[in-house]
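Going down the list, the sequences are from chains A and B. So the first sequence is numbered by the numbering used here: it starts at 1 and just counts up by one. So the second sequence is numbered by the numbering used here: it starts at 279 and just counts up by one.
It is worth saying that the hints were derived from the structure and are not from the lab. There may be inaccurate statements among the hints.
[What the hints assert, rightly or not] Each pair of labels, with its calculated beta carbon distance range:
hint, chain 1, residue 1, chain 2, residue 2, range
1, B, G311, A, I252, 43 to 53 Å
2, A, N29, B, G311, 52 to 62 Å
3, B, A522, A, A257, 36 to 46 Å
[What the hints assert, rightly or not] Keeping only pairs whose Cα atoms sit at most 27 Å apart, straight-line, the calculated DSSO-like set for lysine-lysine is:
hint, chain 1, residue 1, chain 2, residue 2
4, B, K304, A, K272
5, B, K412, A, K272
6, B, K561, A, K41
7, A, K24, B, K561
8, B, K561, A, K272
9, B, K496, B, K595
10, A, K120, A, K94
11, A, K272, B, K559
[To be verified] Computed from the model, here is a short list of chain B residues facing chain A with C-beta under 7 Å:
hint, residue
12, L353
13, G420
14, P472
15, E475
16, E476
No experiment lies behind these values; they were computed from the predicted model shown. Even for Gly, the Cβ is constructed at its ideal location relative to N, Cα and C.
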Amino acid sequence: MGDKKMRVLISFKVVPDLDLLRDKDWTINNNLPVQTAYVKKVINAYDESALELALKMVERYKSDDQKPELIALTVGETYADIFLKKLLALGFNKTYRVQNNLDLRFNPYATAMIISAFAKKYGPFDLIAMGMQSSDGDNAKTALLTAEELAWPCITGVTGFEPAVAGLFAVSSISDQGLVNQTVHPPCILAVGNAPSSLLRVPTLRAIKTAAEKDIGLLSPESLNCKPETLASGNDTELRELEAVNNTRDGIIIEGATAEEKARLLYENHLKGWLNCR
Amino acid sequence: MKYKAIINACSPAYKARSEEIAYFIKANRSVIGNAYEADEAVVFYNDEHTGAEIESCLPFKTISMVKIKHYQPELILNILEESECDSPAEIYIFSGDLAGNELAARFAWRFNGSSLVAVENITKEEDLFIGRKKVYSGNLHGSFLFRKKPYCFSLARGLKRLETDMDAEKKYLTFHDYSSTAPGAYLDNYMESPKEEENKLESASFVIATGRGTGSSKEISRLQNIARELGAEFGVSRPVVMNAWAPLDRLIGASGAVIGPEVCLALAVSGSPPFYYGIEKSKIIIAVNRDEHAPILKAADIVIIDDYKIVIDTLFKLLRDEKGA
Ligand SMILES: Cc1cc2nc3c(=O)[nH]c(=O)nc-3n(C[C@H](O)[C@H](O)[C@H](O)COP(=O)(O)OP(=O)(O)OC[C@H]3O[C@@H](n4cnc5c(N)ncnc54)[C@H](O)[C@@H]3O)c2cc1C
């Protein structure tokens, strides 16, 4: 491992927990789904994995002086602060929130510009990791555009990363070809996808208490030289319309006194012939 | 409009992805125009498949075959930047896979164009070029205006395919060899453990798909054995993978395999849109869930509201008895 202390930035987004809205009908008002305003907020699934993988990576360093500095960044509103506190409790050294008033759902350009501007001002960073896609916008572009703006390489489908010899990083990922293991020189952008065993750990009560005292860095886009007008106009696409998706099929419900009976009816009436002639 | 398809033929599924692009082009002729001579593809390939094998099955008339060592986006983007800079097309269509997504967004940036990932269809309203895709984890459709040319987009996963016999057609091919060019100084070492073939889940006629409600890795292994005995491929939802109860290549959904079997038996999955995306093309969906409000029940053809364990065990016993008889 190299002598220099590494610095790793993880950026994440706080989103409505859409899993809680599953059986609801969606009402759309001015291109905003009404329900999402009231539902519980969570860290976006892939970003959560990026955060946990960063914590796992730090654990791989034997000595404390070598452990990389972990910085978490989110672009969002005050409701993100409880997550930033949680990350402080989990061992992130610093956390920042860029107060944002723009609609970022479908503007990955703006998010990428803010992350890049942050990286330039508060860097240098060796790695920037984030999720590949968020559950509201589904744009899947933020990491890629950040890489382009910073002119860094970008690895997508990341499932893990850890220190390698001489200040390099070993990165594992999934591609269309299969599993990929590569060793890379920093700096590099890592876009995290479905990474097994990467649910974010839970902090101890004591750590939560200590973290409550720590400050969250509060920034504005302007303080990073990002003009809100440019962030809005620079987006390469523009949302025209949102409509609900309808997946309904007219299903038959198999009724019966017991589960066994229902299974038997399913077998006799629907599956038997098909299964036996395959 | 001049358009080009960009295909990653280092992937074992390149044929299916190319046929999806071919179908998409055919279905959207009214938007992109009838310029058949513009049917052009840039195909990146490596030693996994021979050039001849690839060109014979790709439904494009003019193909630029680019040989590389591995699929590496940094290298591919540099090659495209060079090859496209003189006369860029107006539309670039990228395949519906991981490669297509990352290349579309980054390529558009470099050419000062616009990009959308996972597009299902496109329309034109006067001069406005609009792409439609799923957003909010598949709960909603969003229509987006592309603001600047070139319009670059990757297709949604698992769209319809156009199977063509192009052997008879005359093709115009050019070859370029970048197999000894490195992707950049950032890379120290690169190792790929290639998949042998396309994911079997995607071509299976019977799939048993299981979810978080199964509760443990032990139960998942048990169900996997039952699936094998019943002659079904075995798939899982994301929480099963996240808990490491099953490997990632078993994942079904928007970020996993998109299946289209005769029968999909969905056990203990709630039917969230990202999961449902993966099973939507199944002819018959049979769902077993003990929660009568689980969304999968409205989106299935045959429904049992009960404990999946008893149902699958009974099914298995009935079939075994039948076979033994
Ligand atoms: C960007 C993004 C991409 C995603 N991609 C995917 C993807 O590709 N694939 C995917 O699956 N998910 C994906 N997800 C996650 C998705 O949103 C859901 O969280 C997930 O699909 C839920 O999985 P589940 O149905 O197994 O679990 P749950 O939603 O927890 O459902 C479990 C179900 O089991 C039932 N159950 C429990 N016990 C029993 C029993 N004994 N008998 C009968 N029923 C029982 C319960 O009633 C419940 O309905 C993605 C999410 C995001 C944000």
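Right, here's what the structure says about each hint:
With their beta carbons about 46 Å apart, G311 of chain B and I252 of chain A fall inside the hinted range of 43 to 53 Å. A beta carbon spacing of about 37 Å between N29 of chain A and G311 of chain B contradicts the range 52 to 62 Å that was offered as a hint. Between A522 of chain B and A257 of chain A the C-beta distance comes to about 38 Å, which sits within the given range of 36 to 46 Å. Straight-line distance between C-alpha atoms of K304 of chain B and K272 of chain A comes to about 40 Å, which puts the hinted pair past the 27 Å bound.
Distance restraint check for K412 of chain B and K272 of chain A: the Cα-Cα separation of roughly 37 Å exceeds the 27 Å cut-off, and the hinted pair is therefore not satisfied. For the suggested pair K561 of chain B and K41 of chain A, the alpha carbons sit about 36 Å apart, so the restraint of at most 27 Å is broken. Only pairs whose Cα atoms come within 27 Å are accepted, and K24 of chain A paired with K561 of chain B is accepted, the gap being roughly 25 Å. Using a Cα cut-off of 27 Å, the hinted pair K561 of chain B and K272 of chain A holds, with the two alpha carbons roughly 17 Å apart.
At most 27 Å may separate the alpha-carbon atoms for a hinted pair to count; K496 of chain B and K595 of chain B meet this at roughly 20 Å. With a C-alpha separation of about 16 Å, the suggested pair K120 of chain A and K94 of chain A falls inside the 27 Å cut-off, and the hint holds. Of the pairs offered as hints, the one joining K272 of chain A and K559 of chain B holds, with about 22 Å between alpha carbons and a cut-off of 27 Å not exceeded. Given hint, L353 of chain B at the interface with chain A, is violated; its Cβ is 10 Å from that chain's nearest Cβ, farther than 7 Å.
Among the interface hints, the one on G420 of chain B holds; its C-beta lies about 5 Å from the nearest C-beta in chain A, closer than the 7 Å criterion. With a least beta-carbon distance of about 5 Å to chain A, the hint placing P472 of chain B at the interface is held under the 7 Å criterion. With 7 Å as the threshold, the beta carbon of E475 of chain B stays out of range of chain A, its nearest partner Cβ sitting at about 11 Å, so the hint is violated. The criterion of a C-beta within 7 Å of any C-beta in chain A is not met by E476 of chain B, whose closest approach is roughly 10 Å, and the hint is violated.
Checked against the numbered hints given earlier, this structure breaks hints 2, 4, 5, 6, 12, 15, 16; the rest are met.
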